Structure formats: C-alpha cells, structure tokens
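Participant: Each chain is listed here by its residues.
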Amino acid sequence: MPEMTLVGGVNAALAYEMAADDRVLVFGEDIGVNGGVFRATEGLQQRFGPARVIDTPLAEGLIAGMAVGLAAQGLRPVAEIQFMGFSYPTLDQLISHASRLRNRTRGRLTCPLVLRAPFGGGIHAPEHHSESTEALYAHIPGLRVVIPSSPARAYGLLLGAIRDPDPVVFLEPKRIYRLTKQEVADDGEAMPLDVCFVVRDGTDITLVTWGAMIHETLQAAEQLATKGISAEVIDVATLRPLDIETILESVAKTGRCVIIHEAPRSGGFGAEIAAVVAEHGLLNLLAPIARVTGYDTIMPLLKLEQHYLPSVERIMDTVYKTMEFA
Amino acid sequence: MRCVAQFEVGYTGYLDHELRVSGPLPGFAREPAQLIAAYRAMTSARAFDRKAINLQRTGQLGTFASCLGEEAIAIAVGLAMRPEDVLLPMYRHHGAYLSRGVRMAELLAYWGGDERGMDFQSVREDFAVAVPIATQATHAVGVGYAFKYRNEPRVAVCVLGDGATSKGDFYEAINAAGVWELPVVFVVANNLWAISVPRPLQSRAQTLAQKAVAAGFEGEQVDGNDYIAVRDRLDQALERARSGQGPSLIEALTYRMGDHTTADDSRRYRSAEEVEAWRRRDPLDRLRSYLLQSGAWTEADDEALQAECQEEADQAAQIYLERPPQSPTSMFDYLYERLPRAYAEQRKALAGPSDD
Ligand SMILES: Cc1ncc(C[n+]2csc(CCOP(=O)(O)OP(=O)(O)O)c2C)c(N)n1
Ligand SMILES: [Mg+2]
Numbered sequence: 001m002p003e004m005t006l007v008g009g010v011n012a013a014l015a016y017e018m019a020a021d022d023r024v025l026v027f028g029e030d031i032g033v034n035g036g037v038f039r040a041t042e043g044l045q046q047r048f049g050p051a052r053v054i055d056t057p058l059a060e061g062l063i064a065g066m067a068v069g070l071a072a073q074g075l076r077p078v079a080e081i082q083f084m085g086f087s088y089p090t091l092d093q094l095i096s097h098a099s100r101l102r103n104r105t106r107g108r109l110t111c112p113l114v115l116r117a118p119f120g121g122g123i124h125a126p127e128h129h130s131e132s133t134e135a136l137y138a139h140i141p142g143l144r145v146v147i148p149s150s151p152a153r154a155y156g157l158l159l160g161a162i163r164d165p166d167p168v169v170f171l172e173p174k175r176i177y178r179l180t181k182q183e184v185a186d187d188g189e190a191m192p193l194d195v196c197f198v199v200r201d202g203t204d205i206t207l208v209t210w211g212a213m214i215h216e217t218l219q220a221a222e223q224l225a226t227k228g229i230s231a232e233v234i235d236v237a238t239l240r241p242l243d244i245e246t247i248l249e250s251v252a253k254t255g256r257c258v259i260i261h262e263a264p265r266s267g268g269f270g271a272e273i274a275a276v277v278a279e280h281g282l283l284n285l286l287a288p289i290a291r292v293t294g295y296d297t298i299m300p301l302l303k304l305e306q307h308y309l310p311s312v313e314r315i316m317d318t319v320y321k322t323m324e325f326a
Numbered sequence: 001m002r003c004v005a006q007f008e009v010g011y012t013g014y015l016d017h018e019l020r021v022s023g024p025l026p027g028f029a030r031e032p033a034q035l036i037a038a039y040r041a042m043t044s045a046r047a048f049d050r051k052a053i054n055l056q057r058t059g060q061l062g063t064f065a066s067c068l069g070e071e072a073i074a075i076a077v078g079l080a081m082r083p084e085d086v087l088l089p090m091y092r093h094h095g096a097y098l099s100r101g102v103r104m105a106e107l108l109a110y111w112g113g114d115e116r117g118m119d120f121q122s123v124r125e126d127f128a129v130a131v132p133i134a135t136q137a138t139h140a141v142g143v144g145y146a147f148k149y150r151n152e153p154r155v156a157v158c159v160l161g162d163g164a165t166s167k168g169d170f171y172e173a174i175n176a177a178g179v180w181e182l183p184v185v186f187v188v189a190n191n192l193w194a195i196s197v198p199r200p201l202q203s204r205a206q207t208l209a210q211k212a213v214a215a216g217f218e219g220e221q222v223d224g225n226d227y228i229a230v231r232d233r234l235d236q237a238l239e240r241a242r243s244g245q246g247p248s249l250i251e252a253l254t255y256r257m258g259d260h261t262t263a264d265d266s267r268r269y270r271s272a273e274e275v276e277a278w279r280r281r282d283p284l285d286r287l288r289s290y291l292l293q294s295g296a297w298t299e300a301d302d303e304a305l306q307a308e309c310q311e312e313a314d315q316a317a318q319i320y321l322e323r324p325p326q327s328p329t330s331m332f333d334y335l336y337e338r339l340p341r342a343y344a345e346q347r348k349a350l351a352g353p354s355d356d
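Respectively, the protein sequence lines represent chains A and B. Position 296 (the first sequence) corresponds to 296 in this note's numbering; numbering is contiguous. Position 108 (the second sequence) corresponds to 108 in this note's numbering; numbering is contiguous.
Some clues are possibly wrong.
[To be verified] Cut-off 20 Å, straight-line C-alpha distance, at most; resulting in silico cross-link-like pairs (EDC-like, lysine to aspartate or glutamate):
#, chain 1, residue 1, chain 2, residue 2
1, B, 148, A, 55
2, B, 148, A, 21
3, B, 348, A, 279
4, B, 148, A, 22
5, B, 148, B, 239
Bear in mind the hints are in silico, worked out from the structure with no lab data behind them. This structure is a prediction, so every number in the text was calculated from the model and none was measured.
Let's have the full structure, built from the sequences with the hints guiding it.
Facilitator: This is the structure in structure tokens:
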C-alpha cells in the first residue's frame, strides 16, 4: 500500500476517478501545469490533458457557475478554489443555483459538482489565507459540506463526494496537508458521506471536532488518558447533513461533550451540534456542553495566530472543567 | 502613439417601424410561411402575457414579469435554436420557452408559485429562469464547455438584460467563453431600463455589444423589434458557434413596454411620451403590417389568429388552475437525490401523524 499525506490522498482520489470516469473534469486557478499551489492536482494535466484539467481565468464566480453548467449537463466537475478566503464569490452560485437546481426543477436538472478549497490557519500564511468559515456553507440546504481529517479519509471521502449525485463543498484542512503519512489503498473505495467517524473510543467524555483540530484533539485525548480520563473522539467529517446519531450515542455513553473548532465561536457549527445534543441528549448529560473555539475576532495575522487557534492546553483545561461536574 | 487594435460594432435592421426595408432580405424572410409562423408565435406569446397579467390581477398568479414589446427577441431565440441546443434565459422572455415547446400551463405553474412549472416535459436540458441577475451567464460557459468537450454540434444560448451587463458574472462569462472559444451565444435584450435605472446609468460604453470586444469576440447590435433582423443575426451566430467558430454577443435594442413586473409602477420613473414613442415601434404591429401589406396575410386571418391565441391561453390557464397542488412535504423531496437521515424528523413534523 502506498503511503500518502492528506494532500496526496486528494491527488490520488482525483487521479483514480479521472481514469475511471471521463465525465470528471478538474479545473481552477493554477491547477494545470503548476499542479495547484498546494500540488493537489500535480501530474493530472500531464496525464489527462488540458481539456480535462483546466486552468481557468482568475474568476471564482466563473469557476462555480461553470461547474453548475457542467454538472447540469451530466459531467462531474471538480472545481478548486485556491483558498477558502477567495471562495465567497462562489456563495452566490452555491446558494442561488447549485444547492437548489434539483429542487427548483423538481429533479429535471441536477448538480453533482464538487467545490474543493483548502481552509484553516496555522501555516503562517498572508491575510485572508487562514480563516475557517465552514459554517457559512453548512447553513445551505441542498449542499453537502465534507471535511477530511486524515489521508485515508481525504481519499475515500473525496471519491464519495465526486460520485455523490448532489453538490458537495469539500474543505481541506491545509495545516495537516502534509503533517502525517498513512498507508492508503489506492483501490477506488469511497467512504460514506453523511456519517461521523469515531476515531478514538472512550468512556468518560466525548470530544467532537473536524478538520485540522482533530490533531490537537487526539493529542489532548492521549494526554488525558495518562491522567485517567478516557476521551472518545469524533471526527464529524460531514457537517451537512449532520449525523446526529453517532454523536448522541457517544454522549449517551459518556455524559459529557466538548466541541472543538477553529472557527469563531458565535454561530459556529459547534453551536448547531450543541443545540442538537441539548435537544435530544440533555437528560444524558452530566455536565454542561462546552466549546473550545477560535475567538469571536478577526483571524489574526501570522504573529498572533497561535494565540487564536485552540491548543491542546485549552482543550485539556476545558475537559478538566467539564469533568469536575459530578 | 500608434494604433495596436481597432474595432467596429455593426448594426442590423431590415424592417423599420415605418415598414421601410433596407438591403436584400435574408432567405427565410422571403418565405411568407416563415414570417407567418413567427408572427403566430409572437401573437401567442403576447396572449400568454395578457393572460398571466389578468391572473395576477385577480389573485390567481404570483408576481409576473411581462415580455410586452420584446416578443421579436423571444421568438427569434426560440425559433433559431435547435431542440438539442440549451436555452439559459432570464425571467422575461417566455416566448423563447414557448416556441421551443414548453407548455403555457408549465410557465403559469412556475409564476403561480409551483416548482413543478420548471420541470418541463420537453426541452429537458433547458435551464430554469435565472432570477439573480446574470448568474446564468457562467452556467452557459459550463454548458458550452460540455458541448465542446463531447464534440457535440450544440449551442448554449444565454439571454440577459441590459442591467445584467454591469455584473461581474457577465464579464467573467464572456471572458471565459472567449478564452475557450465556446459555442455560446449571448443575447442582450437591451430594453433601456433595469427596473427604474435607465441604460445610460448602467454604462458609459457607447454600445453594450462592444463589451464582447474586450472578451476577444464580436459583438453587434440589431433592431430588437425587427424579427427579421434578430432572427437573421441569431442564425448566423448559432451557425458560427455550431461549426466551432466560438461565441458571439448580440445586443438587441428594444423597449420594455410594460411595467418591470406586476409589482412595479413605471410611471414613477419614465414619461408617458417615451412609452408612447416606443408603442409605435411595437414588434408585433410591425410584422403584422408588413405581412398585410405583402398580401400574405389578411385582416380575417388576423382576427382568427387572435381568437385562437386567446383560446389557447384560456385553456392553459384552466389546466394551471385545475392542477392539484403539491403536497407540503414535496419541499423535502427534491433537496437531494435521497433525503438524508438528518432530515427525516423535520419532514415527519411537517407531514403530521397521519402522513408517512
Ligand atoms: C443580482 C440581482 N440584483 C438585483 C435583482 C433585483 N432585480 C430584478 S430585475 C432587476 C433589473 C434587471 O434589469 P435588466 O437586466 O435590464 O433586465 P430587464 O428586467 O430590464 O429585462 C433587478 C435590479 C436581482 N434579481 N438580482
Ligand atoms: Mg433592461
């Protein structure tokens, strides 16, 4: 089995599906000869040609709109937005068209597109290159929002996203693009969307997170174990539609729930999870639900970004406070 | 300084409002049957419009955008396209859909607030009307790219308004269509108004057609109230696109004779004299007078046609009004191919205990 990084998993999934299905077109800015600024599309243009791996003019609204047109024509567009911070012109197309094309034509036209974008902080990037605005996308009915957090899940979930008959926003945690390597079978096996993954079993507390924060959360769980606290860790993976059963089952078992995300706290996707746990699992709770998140501030530039991002220590502190409730 | 690039923007008009003919007419316009077919379609579209406004005024339809005065463009688009081409329209040119085979009752359903109206039983690949201005322009790029990628001799036809040409979507779309030499025809129905904002406040450019020049392909103007001119230039543009010669932009000069929609009162922002001046350029009157003058059409023919079209619109309204409504839970049933589990509870809450 080949060893892959997370970005390598993205690349392998794209290559696998392009070879298997000539309806798949990959396009975006600098994704051709250059292979994308993070090299996610490296080698694809050489292998599949410029008609299928397309350098577009520099226009995000165009990229999203043309994806809608291609998808409605039965192709399988996989568009790359270079950074999430430049994805906002695509919101118009996602909200006004991609998410509702099936609904507003009663199934006559459909929109099986994938819009990929790297997101999140911690790589000392310039302004606008570090935010986590996944909640904006997760608020849109008709879309799927999928976030991988390991090489295997990048590979499997991206295949699942490309094969999904509806539009998927696929957000890639760029801080962990190359953080770890993992053996991943390049066998074209997709992973299921719409489900959370329990990535560590535990009995005392449920830690719910996604994207790059999986890394700090697993580290925290490791250290908590040495203090006798058994933490279960859930990678949400698909934010919309949310697999509440897996989260509720875990909370029913542990009685405690801490949600961790990089994005600002207010109106962040953690609020939705907290609400769902309160609505359906309140009576199982032994302690208030807690959140460890970015602050409700503008994401600071690189000198201060480490103070903004939730750390292993902040996660552990919150877990200790939550454990204090009898 | 030396000149490094130079451009021209052409204008085509064959039949003006005083029935003066300039230049030799294109072949199709010398066949009375072809012009009569177009005139019939325009008359039918106007009857549809009248019916829709009546239904709205009597509380039986939602807000409606009338095509009054722009029928030559709508019908030329519909008749110039082949069935396998794809139309990406704005919300106004109902006649384009109708002349491609979409049923009046379907369009009434949409404007009456029923999503099934855009589930056309014919031209299944045509796009639904675009309400957010100019957002369909980049879809046309994707559709055109798909045709080119699959080597299909098909064309995407995108209809937009003058206001739409101010938006980034429009510029982004024509730019990309130029880069990839896509089989896309952009038709700008310049009716001089975007709700209450007149054409000069949209752009300082002398023509909207010349915006295509910046995208690397030709833009031209036509008399949008002259069916013969619009149809002729569209035929040429579609042929170029179909044979791999890339995109075109046609700016059709016309006038929105009615209010912007049934929710608008255009007396607030434009003069009765202006409206009156354009009434004399009505595209239907023009074609009718020309046909009458040529002897290919008689007053009796016309009376019969008016009655026929009225009847057709009445019947469509009947079908629309008698159609049973969708069940409320249908709002869940086309969100995704299969309703995700996360939605089950909400759907059940809406359905109530008696339902599924
Ligand atoms: C993006 C967007 N902004 C505003 C509106 C509201 N609106 C609806 S029609 C219209 C004017 C459009 O003018 P034009 O493109 O010239 O088309 P016309 O209605 O004149 O045919 C406006 C501002 C909208 N639908 N979409
Ligand atoms: Mg206008």
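Participant: Taking the numbered hints from earlier one at a time, note which ones the structure violates and give those numbers from smallest to largest.
Facilitator: No hint contradicted; all consistent.
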